[in-house]
Each structure stands twice: as C-alpha cells, then as structure tokens.
Amino acid sequence: MSTTQSLTGQTTDRPTGENLLEVRGLQKHFPIRQGIIFQRQIGAVHAVDGIDFSVGPGESLGLVGESGCGKSTTGRLITRLLEPTGGSVVFDGEDITHQPPARMREARRNLQMIFQDPYSSLNPRHTVGTIIETPMRLNGINPPQGHKKRAQELLETVGLNPEHYNRYPNEFSGGQRQRIGIARSLALRPKLIVADEPVSALDVSIQAQVVNLLQDLQREFGIAFVFIAHDLAVVRHFSERVAVMYLGKIVEVADRESLYTRPRHPYTHALLSAVPEADPDAVERRERIRLAGDVPSPIDPPSGCRFRTRCWKAQDKCATEEPPLARAEGSPSGHLTACHFPEEPTLAREEDIVLDPALGQGLPIET
Amino acid sequence: MSVQTSPQPADVTPAPAPFLDVRDLRVHFPTEDGLVKSVDGVSFTLEKGRTLGIVGESGSGKSVTSLALLGLHKGTRAQVSGEIWLEGKELVALPETEMRALRGRTVSMIFQDPLSALHPFFTVGAQIAEAYRVHHKVSKKEARDRAVEMLKRVGIPQPERRVRDYPHQFSGGMRQRAMIAMSLVCDPALLIADEPTTALDVTVQAQILDLIRDLQEEFGSAVVIITHDLGVVSDIADDILVMYGGRRIEYGTTRDVLKQPQHPYTWGLLQSMPHLTGDVGERLDPIPGTPPSLINLPAGCAFHPRCAYKGWVHEGRCTVDRPELRPVSGTGRHIAACHLTDEAKHEIRDGVRKGA
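Chain order of the listed sequences is W and X.
Just so you know, we're using the UniProt record's numbering here: the first sequence kicks off at 1 and counts up by one.
Just so you know, we're using the UniProt record's numbering here: the second sequence kicks off at 1 and counts up by one.
Pulled out of the complex, with its shape left as it was, chain W reads as follows (with noise of 0.2 Å):
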C-alpha cells in the first residue's frame, strides 16, 4: 500500500500564475432555517466544501460527479450566479469571489455559462434574435456589421438557419434549443464557458451534435470550458483534464489518459466500473465494482474522508483524518488523489467488490 505524499505548494497540476481561472478553498453552504416568524438556522448543505482547481487559457476542465456533488454549484459559483460562503475565485487576474453585481457585469464577458435545460434557460416570450443580442446590447457592445447581422452568423456557427432570426423557442426542437443557448453565450466572445450539463437532456444522437460543435467552437475560438456532466464518457471525449467530485470536494483531479485508465481513488474505480459500455465483449474484461446505497446528506456529510462510509478499504484512519488532495505515490505529476490508502493504478481487478447486500444472495421468497 503506498502512502500519500504532499508537494509543496502545490495543490493542483496546473502551476500558478499563468491560469485563466483560479478556485481557491471555494465553499457553498446553503443555511437550513426553521421557524415561522423568527427563522432560526438550524443547519447548513455543504453543497460546495473547500475545493481548489485551475483552468488555463483555452482548457476544458470536466467536472464528473453524481447528483449532489456540488458540480453544479461550483458551476453556479464561477460565475458569480451564486455566492460563495468561503475561498476564493480568481478570473482573468481579477478576484471575482465578492464582486458587486456592477462591477461583476465586466466580468462576465469573459464569463459565459451553457445551462442544462434548453427548454427552461431561454424567455419563450424572446425571438431567438432578441436571445442572442441581449447580452451585446447590455455590455454596450456594437459591432460593426450591426446587432442583427451579428446574431445571424452566430446562428449559423452553431449550425441553425440565419432567418430564424425571428422566431420563438417554442418552435425549436431540444437539440436545436441548446445551440441557441449556445450562440448567447458566444456573443460576447468570452474566454471561459461553463457548461452545464449541456448534453443531458438531449437525444443520444443528438448529444454527438453539440458535442462535436462545442469541440469546434473551442479550437476555432481558444475558448477555455468547465465543462460539468455526469457522463464519464462524454466529459473523457470533451476535456483534457478531469476533476472527480463526491461529496462537496474534489476526490481525485488528473488529465484524461491517467484519469481513465490509471485512477487511484476508490470512488473513481467504483464510478468507472459502473459505466454500461454498448460492448457485449466490454462486460468480461471490466473491475465490478457495485457499492451499497446512495450517497450520504450534505447536511452532515462523514468525519474525515467523505467516501469512507461506502469505501470498502476505509479504517480507523479515514474517519479521523482528511485526505489531502496530493499525489499519490506511484502517480504521474498533476495526478492528485484524496486518498490514505489508493489503489493500484490499474483498472484490472481479480476479484469482483459488491457491497450492496441485495445483490447475489438469492433469498428465496415464497409467494
């Protein structure tokens, strides 16, 4: 078993100062209040919980985890639509943690964001036009061919006709939908989108559509993206970097190839081989790895490692001790696993680990 080895100084692979996004410590705590008139707060979500992780100029960064992770609100948090509890968001050289919202509107033009759910994130009382020159016109900004004919090429970047300039979100089909999301958050040509969830909701043919077209736009423009999902797949197609979350904290953060092929932590082990693959052959050669239960509330998340109540290696020492997000012995540089005790760094396993009790015991029930 190899022990944890911290490198001074350094929390993320990514070294300081030259990154386009910086999240430093960054905590979201949602108060839990009681009360009818004097409302008390009698506890707190810890959505969010001390994470640290940098994007650099024309990165993806993905950001996988389950429901409740706190992926999302660290999407939320980046751009300010939240406000964090703690830490800090350095963008662009610029600390935006608590920036009023004046001033916080320069900002996000640098800033965009790609929501989840093309059918509620666009005013279906707003022509598509209207949609994608809101943001123009707010930031004063007037190119010079005009704002309509500025709105009509970002509609055929994103692959839609230009005269349906004048039509309405209801008459657009969900794929078609999240490219209008998409064209809004391209019309202040910003440095950095996050995206969340952006192929969710979509078809499965239909998801390969936004996918490709969001890798395009990222090399055509050197767009940096945070790009949250929960399809381990996806996310190893769209970012160079993938950060595994559990919990409110980040449990493991590694480039693609180390990530998918050499994780350390137990959690990333156990998410990776819960992944069906349309591969019939695919089943025989994977670990099996099947825990008990859901995740645990983030209003009283576990003493020390998070994961050590569905972790089949936890001891004494995961219950009184936090692991550090450092590298583990055995790992590449900027592979960082939150771990006391990791496993090997290979996705091969002899013996299959099924924790859930309902599996594989064959109870007999008589009707």
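Among the hints, erroneous ones may be present.
Estimated spans, in silico, between C-beta atoms of each pair [as the list claims (entries may be wrong)]:
#1 X/Q260 <-> W/E94: 54 to 64 Å
#2 W/S173 <-> X/V320: 50 to 60 Å
#3 X/K141 <-> W/A326: 15 to 25 Å
#4 X/H168 <-> W/F221: 16 to 26 Å
#5 W/E240 <-> X/H346: 33 to 43 Å
#6 W/S173 <-> X/G220: 34 to 44 Å
#7 X/Y166 <-> W/P302: 21 to 31 Å
#8 W/E240 <-> X/F122: 47 to 57 Å
#9 X/D24 <-> W/F221: 47 to 57 Å
#10 X/G88 <-> W/N123: 54 to 64 Å
#11 X/H168 <-> W/D117: 37 to 47 Å
#12 X/Q169 <-> W/Q215: 37 to 47 Å
Since the hints were made in silico from the structure, they are not lab data.
Note that the structure is predicted; figures quoted are calculated from it, not measured.
For each residue, glycine too, the CB sits at the ideal point set by N, CA and C.
The hints should help you fit chain X onto chain W, whose structure is shown.
Frame of chain W; chain X shown alone:
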C-alpha cells in the same frame, strides 16, 4: 410453459406458443393535427427468463409499446390493433375488468420516475401491501409482512422501520428499489421496466440493473426493458429491438445487433456515443437531423432523410419503397429493415473502420 429459452428463430419460424407474442401491434392517437402513429406494426416474442431491450430515441414509440402491453391505453382515445398473446391469452381485446386481474399479478411495470409513480400520501409499505392485497386474500398483517420481506430483498436497510416511511423520505435509488419491490410483490411473469435507471446516478444504476438481473434469475420472469441507452441493454438484455418512427428497424440477439449492426440508424447510434476507452481524438459521428414527426412519417424508409447511405441504393428506392424486415444472412434470427445489399453494407462498414 418452458422456462428455458427457445433457440427457435423468432420471426422466421414461429416457435410453438411463446410466452409473450406481440404481433403487428399498432397504437394510433387521433389528434387535431392528424393521426399520430406512435407504434406502427411492431412484433416480437419473449420467453420466460429472458430479457428484451427496446431501444430508440424519444418519440420512437418504445414507451407507448410498453403501455400497450399493460393495457393502459384502454379507455383512452388511442386506437390499438394487432395482437398481444401472453400465456395463451390475447390482451388487446381483453376487457378492462379482466385486464385489471392480470395487471400487477401477471404483468407489472417499473416506471421511470419513482417519485411520481409512488403516491406521496401513503407510506411505502402501505403501497406495496395494497398491491399484494389486490391479488391475494390475505390479512393486512400478512401483507405488511410481505412488504417488509420485499423491501429487505431489494436491499433497503432496516426494512421493518422503513416500511412506515413515505416516499419523500427515501432517496432516488431507494425509491426505485421500492418500486421494484412493489412490482415484484405478486411474483409477475412479465416485468416491464420503462427507463428504470434514467433518473439515477451511474453507481446506483449499476446496483439497480444488477438487482433486476438477480431477481429475474430468482423469479424466472420475462423482462422487457425500455431505454435509450445502448450501454444499459448491452449490460442486461438478451435480445435487442431497435425502434425508429414507431416501427422496428432491427431486431436480434444483443451480440448480433451490437457487434454486427445492419441498419444505418443502429450504426449511427453506436458511432455517436463516446466511449470510456479508445482514441479520444476521434470525432463523434452524429446522426444528422432530428427524429421524424409521427404524423407525417417520411415516405419509403422513415430514416432516409437522415441516412448518409441512401445514395448506395439505386434509383432512390429509399424514398419510395418502405424496406421490409429481412433476415441477415449467416445469423439465427437477426433481422433488419434496410434496402442496402449485404455487399454494400460490408463495404461501408470497412470504410468506416478504415476512416476511423
């Protein structure tokens, strides 16, 4: 009824009375805009102990098919025709009262969203016990015990305590387990699972799929699983039926369909999915366009407006002639509806592999 799977080809020569035999099922909905042909001539068979995966995009008619199996279109404006033979009984013409006796006992269903399928006002235990008491003459106490037993079997911790909980006190994965417990409480012979894991996280999805498989082995039920995720069917199904525009376009064993897909739509589905292994520089190859409207299906092959290979078939047959399901040579019961000749398919598939 034999529990063993039938080696007989399903469509080529009809096996002697299969457990479930759906023949030329059609479900049409009259609307103001026209007749929506949600399901238009679907046939399949299923034996006990086997799993059929129905795959398709939204609007391909897969959920409507599953509702028809349960007889849930009765009393609505839907026009259902065709035959559904289950254990020698025909379900399409069966009156609602008789259908009620079957529902839950012989055929039961796991719905996609357990939060809306469970009643928020009643405890989970009461709902499972009710499902049991409808079909069995037992006391409330016995039904309650049975509910506890089922909750325990599906892996709910502390079932004696949780049986008194309301659905909102359960997490998403536990609710789906409770749904499974409810659908299995009467030991049904046919279980229909409509996107049972779509609302769940991957680690929980893996647990639920394993659980369905375990329980199927134990109870020997036949399972129809409806999903858009080819990974899920690959994991759990023995046979795959691919639907497009309310019709079957490809049907065969899981291995045949996934390893030797014969329809350009199935190729498209497989190529548009990113994988966990392999080259990441490879671009995804999406299917252009969007699924068709079910009111005005394209003439000829419903897939032709999105098909990249219609040029391979001469004289524009794809736009005029609707392709019939043809057996794929060299396989047992793999059928596909496409005008492309086998040679053309080989050439295209080789080209795709080389180009990739």
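Results of checking the hints against the structure:
1. Between X/Q260 and W/E94 the C-beta distance comes to about 56 Å, which sits within the given range of 54 to 64 Å.
2. W/S173 and X/V320 have their C-beta atoms about 27 Å apart, which leaves the hinted 50 to 60 Å range violated.
3. For the pair X/K141 and W/A326, the supplied restraint of 15 to 25 Å is violated, since their beta-carbon distance comes to about 57 Å.
4. Distance hint check: the CB atoms of X/H168 and W/F221 are about 45 Å apart, inconsistent with the given range 16 to 26 Å.
5. At about 37 Å, the beta-carbon gap between W/E240 and X/H346 stays in the expected band of 33 to 43 Å.
6. Checking the proposed 34 to 44 Å range against W/S173 and X/G220 shows it holds: the Cβ atoms sit about 42 Å from each other.
7. For the pair X/Y166 and W/P302, the beta carbons lie near 25 Å from each other, so the given range of 21 to 31 Å is met.
8. Range check, W/E240 to X/F122: about 50 Å between beta-carbon atoms, so the 47 to 57 Å window is met.
9. The hinted window of 47 to 57 Å between X/D24 and W/F221 holds, with their beta carbons roughly 52 Å apart.
10. The hinted range of 54 to 64 Å is satisfied by X/G88 and W/N123, whose Cβ atoms lie roughly 56 Å apart.
11. The given range of 37 to 47 Å is broken by X/H168 and W/D117, whose C-beta atoms sit roughly 23 Å from each other.
12. Between X/Q169 and W/Q215, the C-beta spacing of about 43 Å keeps the proposed range 37 to 47 Å intact.
Figure legend: structure checked against the earlier numbered hints; hints not met, in rising order: 2, 3, 4, 11.
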